[in-house]
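Chain by chain, the residues run as shown.
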Amino acid sequence: MSDINSNIPEGELTSKWTKYKSSVPLVNPSNKRTIEVIIVGSGLAGASAAATLAEMGYKVKCFCFQDSPRRAHSIAAQGGINAAKNYQNDGDSVYRLFYDTIKGGDYRAREANVHRLAEVSANIIDQCVAQGVPLAREYGGLLDNRSFGGTQVQRTFYAAGQTGQQLLLGAYSALERQIGMGKVEMYTRHEMLEVVKIDGKARGIIARNLITGEIERHFGHAVVLGTGGYGNVFYLSTNAMGSNVTAAWKAHKQGAYFANPCYTQIHPTCIPVSGDHQSKLTLMSESLRNDGRIWVPKKKDDNRKASEIPEDERDYYLERRYPAFGNLVPRDVASRAAKERCDAGYGVGASKLAVYLDFKANTERYGKIEAAKAGIHNPDKETCMRLGTAVIKEKYGNLFDMYAQITGENPYETPMRIYPAVHYTMGGLWVDYNLMTSVPGLYCTGEANFSDHGANRLGASALMQGLADGYFVLPYTIGAYLSKEISVKAIPTDHPAFVEAEERAVGILNKLINIKGTKSVDHFHKRLGHIMWEKCGMARNAKGLNEAIQEIRALRAEFWSDVRVPGTADELNTELEKAGRVADFIELGELMCIDALNRNESCGGHFREEYQTEEGEALRDDENYAYVAAWEFKEGVNFELHKEELKFENIKVAQRSYK
Amino acid sequence: MNLTLKVWRQKNNNAKGALVDYKLADISPDMSFLEMFDVLNEQLINKGEEPVVFDHDCREGICGMCSMFINGRPHGPKDLVTTCQLHMRSFKDGDTIVVEPWRAAAFPVVKDLTVDRSAFDRVIAAGGFISVNTGNAQDANNLPIPKMQADAAFEAAACIGCGACVATCKNASAMLFVSAKISQLALLPQGQPERYRRVQSMVAQMDAEGFGNCTNTGACEAECPKGISLENIARMNRDFASAKFISEETV
Numbered sequence: 002m003s004d005i006n007s008n009i010p011e012g013e014l015t016s017k018w019t020k021y022k023s024s025v026p027l028v029n030p031s032n033k034r035t036i037e038v039i040i041v042g043s044g045l046a047g048a049s050a051a052a053t054l055a056e057m058g059y060k061v062k063c064f065c066f067q068d069s070p071r072r073a074h075s076i077a078a079q080g081g082i083n084a085a086k087n088y089q090n091d092g093d094s095v096y097r098l099f100y101d102t103i104k105g106g107d108y109r110a111r112e113a114n115v116h117r118l119a120e121v122s123a124n125i126i127d128q129c130v131a132q133g134v135p136l137a138r139e140y141g142g143l144l145d146n147r148s149f150g151g152t153q154v155q156r157t158f159y160a161a162g163q164t165g166q167q168l169l170l171g172a173y174s175a176l177e178r179q180i181g182m183g184k185v186e187m188y189t190r191h192e193m194l195e196v197v198k199i200d201g202k203a204r205g206i207i208a209r210n211l212i213t214g215e216i217e218r219h220f221g222h223a224v225v226l227g228t229g230g231y232g233n234v235f236y237l238s239t240n241a242m243g244s245n246v247t248a249a250w251k252a253h254k255q256g257a258y259f260a261n262p263c264y265t266q267i268h269p270t271c272i273p274v275s276g277d278h279q280s281k282l283t284l285m286s287e288s289l290r291n292d293g294r295i296w297v298p299k300k301k302d303d304n305r306k307a308s309e310i311p312e313d314e315r316d317y318y319l320e321r322r323y324p325a326f327g328n329l330v331p332r333d334v335a336s337r338a339a340k341e342r343c344d345a346g347y348g349v350g351a352s353k354l355a356v357y358l359d360f361k362a363n364t365e366r367y368g369k370i371e372a373a374k375a376g377i378h379n380p381d382k383e384t385c386m387r388l389g390t391a392v393i394k395e396k397y398g399n400l401f402d403m404y405a406q407i408t409g410e411n412p413y414e415t416p417m418r419i420y421p422a423v424h425y426t427m428g429g430l431w432v433d434y435n436l437m438t439s440v441p442g443l444y445c446t447g448e449a450n451f452s453d454h455g456a457n458r459l460g461a462s463a464l465m466q467g468l469a470d471g472y473f474v475l476p477y478t479i480g481a482y483l484s485k486e487i488s489v490k491a492i493p494t495d496h497p498a499f500v501e502a503e504e505r506a507v508g509i510l511n512k513l514i515n516i517k518g519t520k521s522v523d524h525f526h527k528r529l530g531h532i533m534w535e536k537c538g539m540a541r542n543a544k545g546l547n548e549a550i551q552e553i554r555a556l557r558a559e560f561w562s563d564v565r566v567p568g569t570a571d572e573l574n575t576e577l578e579k580a581g582r583v584a585d586f587i588e589l590g591e592l593m594c595i596d597a598l599n600r601n602e603s604c605g606g607h608f609r610e611e612y613q614t615e616e617g618e619a620l621r622d623d624e625n626y627a628y629v630a631a632w633e634f635k636e637g638v639n640f641e642l643h644k645e646e647l648k649f650e651n652i653k654v655a656q657r658s659y660k
Numbered sequence: 055m056n057l058t059l060k061v062w063r064q065k066n067n068n069a070k071g072a073l074v075d076y077k078l079a080d081i082s083p084d085m086s087f088l089e090m091f092d093v094l095n096e097q098l099i100n101k102g103e104e105p106v107v108f109d110h111d112c113r114e115g116i117c118g119m120c121s122m123f124i125n126g127r128p129h130g131p132k133d134l135v136t137t138c139q140l141h142m143r144s145f146k147d148g149d150t151i152v153v154e155p156w157r158a159a160a161f162p163v164v165k166d167l168t169v170d171r172s173a174f175d176r177v178i179a180a181g182g183f184i185s186v187n188t189g190n191a192q193d194a195n196n197l198p199i200p201k202m203q204a205d206a207a208f209e210a211a212a213c214i215g216c217g218a219c220v221a222t223c224k225n226a227s228a229m230l231f232v233s234a235k236i237s238q239l240a241l242l243p244q245g246q247p248e249r250y251r252r253v254q255s256m257v258a259q260m261d262a263e264g265f266g267n268c269t270n271t272g273a274c275e276a277e278c279p280k281g282i283s284l285e286n287i288a289r290m291n292r293d294f295a296s297a298k299f300i301s302e303e304t305v
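Chains as they are written, first to last, in this note's numbering: chain A, 2 to 660; chain B, 55 to 305.
It is possible that some hints are incorrect.
[Stated by the list, open to error] Result set (DSS-like, lysine-lysine): computed pairs, CA atoms no more than 30 Å apart in a straight line: (1) Lys146(B) / Lys306(A); (2) Lys520(A) / Lys60(B); (3) Lys201(B) / Lys369(A); (4) Lys306(A) / Lys132(B); (5) Lys201(B) / Lys374(A).
Since the hints were made in silico from the structure, they are not lab data.
Work out the full structure: start from the sequences and follow the hints.
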């Protein structure tokens with residue numbers, strides 16, 4: 002049924018990548034010096050690729066919209082990074098990481114890609130430690146691990162609650178080293194506005210200097226997008242304010258297929274919304290579920306304080322429903338379970354849209370261990386809590402501080418209130434095994450592509466994928482393409498294709514400035530977010546999705562006739578930047594609803610209310626939907642579906658169970 | 055809450071700036087400081103005026119992009135938080151709040167409250183790394199590192215590069231920022247081979263960017279949203295002296 006080719010190498014699953022690496026064509030050093038690669042985005046996927054390609058000898062240009070590559074939103078990842086090291090001797094292996102990821106993704110990911118990811122995972126940890134990334138250690142001096150959702154081994158490496166920051170600063174330092182050596186040209190405060198295609202191949206980009214408003218043309222033999230996810234289509238998400246889909250969407254409009262856009266990850270543990278003024282949501286790391294127990298009162302509309310509700314009147318609903326995994330079920334399962342309890346009237350806090358995450362039991366448990374170490378026999382409860390609090394503080398101090406700062410409550414004394422929020426997007430530009438999109442020479446890495454997480458990503462796997470793509474996969478696979486481009490001289494940027502692409506970009510900017518409507522960009526963004534959250538959020542149904550599509554189309558028309566963008570295009574104009582991004586989000590939102598409507602099954606982060614088991618679990622339809630939905634953009638705003646069939650040859654497809 | 059804001063407005067780097075007064079009503083104490091600015095900007099746009107430009111991105115205190123000088127203090131009145139994590143409950147109804155950009159010769163104003171901090175990137179590019187190419191690393195556990203040492207390196211590495219240390223320093227010195235990176239790498243065995251080259255080249259770049267010197271007032275440590283310690287500066291000075299007087303390698 003596939004009508005697109007994913008270019009998966011032949012052979013045994015476990016040897017595909019090894020064989021590929023030893024047979025992929027190489028580019029000799031003198032040719033590398035004349036080959037230019039453009040990388041858009043400087044997060045884990047972008048910075049690692051830029052640094053590695055420059056080390057290999059290519060001429061690299063790297064672009065980011067922030068004031069420094071170190072600001073990319075990978076920096077905010079808290080919990081950790083998975084790797085199949087088996088340092089804990091708990092039976093972990095490449096196969097288990099592969100298996101957990103496929104199962105966690107609800108059997109909607111490509112086996113060959115996921116196995117490769119698991120294979121290179123261990124190299125990432127080695128690389129980062131060599132760079133001086135200070136990962137957490139035990140007293141023996143060796144690396145420490147913790148547990149994350151959806152697994153029964155401890156394979157997550159971490160640096161307190163700032164793992165993303167430390168890994169990104171590692172990649173950033175590697176990138177800055179190449180910048181200092183003149184091998185990477187860095188363009189900060191630049192936003193990519195168009196992909197330039199010549200004879201069907203990606204040959205460069207149009208970028209706007211955000212300070213001066215100047216439009217620039219940049220040539221590259223190949224273009225790599227490591228531009229992150231599109232969670233901000235929901236307005237409120239855990240993404241940074243600037244995270245956007247524009248680069249990926251412009252590529253989509255130039256022929257790159259967009260795959261599985263409806264797969265969005267709603268993270269179960271975020272700080273609940275406090276009011277209409279809210280501009281973003283803050284995650285509380287999944288690692289907290291190692292030591293936090295999630296509960297709601299057994300009584301409906303219980304208005305007592307958490308501390309006044311006795312133990313036997315609490316419903317630890319995850320432990321009740323999923324005894325094998327308990328509080329560490331995967332994110333999609335945990336989120337839906339929280340929504341189910343709140344919808345049924347058991348929610349807590351002023352909004353009733355929250356559940357408790359309670360550290361008391363484990364604080365006491367840690368306290369007892371510490372007391373025993375200190376030689377205190379039969380410690381009283383107060384001593385246990387005091388000693389245990391110190392342990393909790395060391396593990397999660399920065400997260401607890403952040404919670405206290407935002408809510409004004411002390412989480413060491415009262416349980417945290419949490420609720421699910423949009424966090425990550427498994428969908429993205431379709432790529433083949435080489436990470437190349439359907440446009441030759443245009444690559445996509447990290448969260449921006451659709452590849453490795455299927456319909457649901459496991460915790461601590463985003464950092465793994467971003468760095469795997471950038472350090473260990475793309476630098477090999479891009480050689481397969483570039484080895485055939487060695488005779489292509491740098492194309493002058495007065496080529497008609499550059500002129501035309503620039504005209505398209507400038508046309509949109511001028512149009513936005515000249516509407517001079519009555520409503521701000523944020524006004525439209527909030528309305529889009531509301532439609533998406535209500536009708537294409539944690540639970541979807543055909544009726545709601547059909548309505549959403551109509552509402553989004555109407556919103557698009559209104560946006561293009563009534564948005565107000567003050568200022569001009571030839572200066573630093575943050576409203577103009579936002580307007581361009583929201584225009585693309587509106588089109589993407591429609592495609593997400595179309596994709597969700599097309600997929601008549603529930604899987605992972607895509608939950609269609611019509612398709613569930615009697616117990617309320619996701620009900621897949623493997624016979625009809627075991628495919629990647631890759632959408633092609635058509636004139637107007639229309640989309641044509643292409644299918645890539647998913648074949649499971651090494652894993653038995655089953656209903657996902659965490660009971 | 056009702057507030058009066060005095061906000062620095064400056065069209066671009068060449069223009070002359072000035073403080074402009076704005077009145078805001080019905081501000082919720084649960085809002086973050088930047089969400090309060092969102093409300094201001096929405097009002098300005100609705101009036102047909104240009105919104106205030108300010109740097110911000112993650113809004114969870116880790117990217118280091120937000121940078122407001124609030125009532126004479128970088129990131130405002132609370133300790134150990136960035137502007138985005140400062141909430142309006144830290145202010146009182148009727149307050150007047152003065153908001154300025156970071157001020158330092160090495161951080162020129164770009165527009166309104168936005169400044170150019172690319173000098174920091176150039177200091178890192180001069181030596182804030184370990185020279186290891188991708189693909190050459192040994193197994194991570196082949197190199198045990200004492201927990202105390204690893205934790206100390208982590209504490210130095212927690213710097214978010216926001217520039218509050220420079221903004222608050224009367225000399226506009228970047229020594230806290232530079233020394234944090236030097237310390238992180240000097241504390242780890244992986245950082246030893248380049249230790250004395252690194253300190254020389256990073257300090258040279260720091261000076262070239264026009265940052266001032268350190269006179270030990272400690273304002274940087276007091277205002278750092280991540281609690282980076284002054285000890286790092288002592289370590290950097292020690293390494294710098296060793297490099298210049300004892301080490302045979304000069305850069």
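List in ascending order the numbers of the hints, as given earlier, that are violated by the structure. none
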